[in-house]
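Here the protein sequences line up with chains A and B, keeping their order.
For the first sequence, counting from 1, position 159 maps to 159 in UniProt numbering; every step adds exactly one.
For the second sequence, counting from 1, position 186 maps to 186 in UniProt numbering; every step adds exactly one.
Source of the hints: derived by calculation from the structure; they are not laboratory data.
Quick reminder that beta carbons are idealized off the backbone N, C-alpha and C, glycines included.
Among the hints, a few may not be true.
[Said to hold, decoys possible] In silico DSS-like cross-links for lysine-lysine, where the CA-CA straight-line distance does not exceed 27 Å:
hint	chain 1	residue 1	chain 2	residue 2
1	A	Lys93	B	Lys187
2	B	Lys187	A	Lys104
3	A	Lys99	A	Lys6
[Said to hold, decoys possible] Here are a few chain B residues that sit away from chain A, every Cβ distance over 10 Å (derived from the structure):
hint	residue
4	Lys105
5	Thr130
6	Ile166
7	Pro169
8	Thr199
9	Thr202
10	Gln205
11	Glu209
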Amino acid sequence: MRFRAKIVDLACLNHFSRIVNTIAKLAKTCILRLTVCKLYFILSDKVANGGASMWCELSQGNFFDEFQMEGVAAEHNEIYLELVPENLSRALKTAQNAKAVKIKLTNKHCPCLSVAVELPSLSSSSRIVTHDIPVGVIPRRMWNDFREPSVPDFDVSIYLPALKTMKSVVERMKNLSNFIVIEANLSGEMNLKIETDLVSVTTHFKDLGNPPWASEDGCQSSAQGRDLESMAEACIDIKKLQQLLAGQQVNPTKALCNIVRKRVVHFILLHEEVSLQYFIPAVA
Amino acid sequence: AAMKCVIGGAQLRVFGKAIHAIARISDEFWFDPVEKGLALRSVNSSRSAYACVFFSSMFFQHYCWTAVSQPCQKEKQLSLPCKLIIKSVLPVFRCVNVLERNVEKCSISTNPSEHHITFQLLCRHGVVKTYNLTFQECDPLQAVFAKHMCPNILKVHSRLLADVMIHFPTSQEEITLSVTPMKVCFKSYTEEDTDFSRTMLTEIQLSPEEFDYFQVGVDSEVTFCLKELRGLLAFSEATSVPVSVHFDRCGKPIAFSIEDLLLEASFILATLCEAEKEAASPGPACCPRPWDSNTDTATSKKPQQKGNTPSINSAKPPSALSKQEVKNIPRGTERDVPGRAGAAMAKAAAGEATEAPYEKNSYLYKYCIFQFHSLFFGAISYKEKEAIGDTFQSLVTASDPEEEFGALQSSQV
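From just these sequences and the hints, can you work out the full model?
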């Protein structure tokens with residue numbers, strides 16, 4: 001099992017750092033899955049995460065100048081590592097003006113991802129900063145736990161409002177309540193609601209637009225036979241939503257959510273080179 | 001003695017940063033005005049870190065120090081520095097950056113008869129903030145460290161050190177500096193029982209060319225407390241004076257110092273001794289253990305006295321004192337001493353008591369020489385006192401008439 005990768009382009013490095021920062025906000029520990037073409041950051045819906053799960057996928061070619069990996073076996077040419085994304089985030093944080101960043105899977109005292117940052121210095125030789133991030137190797141037999149979640153059979157799919165706006169609304173609501181209700185309909189309307197003994201607050205968004213989903217039976221995409229005005233709602237943990245929004249440092253190309261009434265809210269954030277899906281289960 | 005000084009706007013920032021730097025060492029600090037300037041000193045409870053910042057009189061817009069002599073004494077009297085609680089002083093210099101903008105000057109004056117030190121900030125728009133802080137009298141604090149005898153000396157702009165430290169998390173307690181003539185490396189400290197599967201380790205390699213001055217006489221790897229150092233780094237950035245690092249093999253202290261015409265600052269930190277790390281007894285996991293300053297003082301001082309031991313602050317020849325100290329530390333007598341000196345010795349005795357569990361491992365921990373000059377000894381050997389009289393300057397006069405010293409007391413004051 002081997003892995004080496006190198007980033008030389010500063011823009012790619014910054015972009016990659018931002019992605020890692022977002023992941024670090026969402027999960028304390030997560031799985032990094034490496035394949036020949038892609039990297040995945042995966043959080044599976046364990047009770048410990050409060051049932052939330054995450055799937056983030058990026059093409060390595062968009063970030064790395066060099067990328068070589070050898071999986072556990074020829075027919076399973078993949079590597080699954082468990083790590084603390086905050087560590088990776090920290091290692092990359094001070095690499096803002098690096099000449100190059102090399103990431104390597106090593107085994108010093110224990111399996112590690114070694115991040116070596118080559119920094120410019122006042123002298124002829126560069127400064128090298130090395131961070132050894134401990135990782136856990138996930139054995140082949142457990143890989144099934146980390147499969148890509150399927151898109152749920154949702155009631156409503158709707159584009160999200162400007163994330164910055166949504167973030168400031170949710171942040172204020174967080175002070176008042178632990179749970180937030182997201183409801184939306186197929187007419188491009190969304191409401192964020194909180195309700196406590198003392199106060200209830202609702203923020204209304206309209207003209208958001210509903211994404212067209214191609215499906216086999218054509219049911220979901222057609223408007224006929226469906227009540228456009230009826231709201232599908234789910235009550236979720238407000239902190240999870242706030243973490244998702246707070247972690248977004250750049251506006252995504254597309255941001256939408258799928259609501260399964262009283263079950264789960266599925267967020268999809270698409271950037272040019274990376275896609276992030278985040279599932280927040282509804283609270284009973 | 002009495003002291004009054006005024007710090008002008010631009011220097012306020014530097015002074016404030018010094019206070020903040022010292023605050024990282026301990027909750028209290030020694031405030032010691034002398035004729036040539038003002039010294040601030042601090043030592044942490046485990047005596048593994050010592051800081052001293054000396055501002056020469058030229059640093060101040062105005063600096064005035066007068067020795068007050070008593071009629072019964074022809075020479076300058078023994079003076080005592082005083083101790084202030086950092087928490088009381090920090091609010092005065094809270095937001096150093098804001099300070100610069102709003103405060104025109106700061107005046108500090110001592111009021112011996114009322115046990116006050118008064119800090120007065122003259123701010124814009126005619127606002128005057130006055131802080132009257134009471135102090136505690138105490139024995140002088142002074143450390144002696146033979147910097148010139150260190151085989152390894154590095155000199156570098158504080159920016160470089162700050163750039164290095166930024167790669168370590170703020171929670172990183174201890175850091176290891178490893179040098180050979182070919183390279184310099186700062187890395188996270190690890191020990192035998194570090195849980196590597198949970199700890200992220202960081203290491204930075206620098207080439208000797210990056211240093212303004214680079215001398216490595218002996219390959220060494222020293223581990224010290226990073227937290228305490230960060231204060232000095234922030235302070236030296238405010239002064240933009242380069243930082244000198246003097247050190248030796250592991251176990252011997254490491255000194256970080258800055259020096260220019262107006263001020264001198266030194267932070268001396270104990271380092272862990274590698275060889276017997278496994279045998280290290282449990283205790284405060286944070287920083288290197290207390291130095292066994294009592295038992296080893298005598299033996300360690302001697303070699304240093306052969307060389308001309310410079311003191312790290314501007315107080316007068318400690319070598320004379322140290323000789324005296326070596327002669328005059330009969331433990332039995334110490335314990336009989338009541339009053340202030342007794343308190344000091346009791347403190348030392350208490351220090352010994354707590355260090356007793358470490359006694360077995362005391363050979364592990366090397367030390368810097370701390371001389372806790374006792375008032376008692378100054379009084380006992382009155383004649384020699386004249387030679388050392390310069391070192392003791394009194395901030396207060398006749399404050400403890402009821403002390404058991406009686407005749408001795410009045411002669412000291």
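The hints, checked one at a time:
1. Annotation: proposed proximity of Lys93(A) to Lys187(B) holds, straight-line Cα distance about 17 Å (limit 27 Å).
2. Distance restraint check for Lys187(B) and Lys104(A): the Cα-Cα separation of roughly 19 Å lies within the 27 Å cut-off, and the hinted pair is therefore satisfied.
3. For the given pair, Lys99(A) sits about 11 Å from Lys6(A) by alpha-carbon distance, which is consistent with the 27 Å threshold.
4. Under the 10 Å C-beta cut-off, the non-interface status given to Lys105(B) relative to chain A holds; the minimum distance is some 38 Å.
5. No Cβ of chain A comes within 10 Å of the Cβ of Thr130(B); the nearest lies about 39 Å off, and the non-interface call holds.
6. Listed as outside the interface, Ile166(B) is inconsistent with that label: its C-beta sits roughly 6 Å from the nearest C-beta of chain A, within the 10 Å cut-off.
7. Not every CB of chain A lies more than 10 Å from the CB of Pro169(B), the least distance being 7 Å, so the non-interface label is violated.
8. Listed as a non-interface residue, Thr199(B) fails to keep its Cβ farther than 10 Å from every Cβ of chain A; the least gap is roughly 7 Å.
9. A Cβ of chain A approaches the Cβ of Thr202(B) within 10 Å, the least distance being about 5 Å, so the stated non-interface status is violated.
10. Once the 10 Å rule is applied to beta carbons, Gln205(B) is inconsistent with being away from chain A; the minimum gap is 5 Å.
11. Not every C-beta of chain A lies more than 10 Å from that of Glu209(B), the closest at about 3 Å, which undercuts listing it as non-interface.
Violated hints, in rising order: 6, 7, 8, 9, 10 and 11; the structure is consistent with all others.
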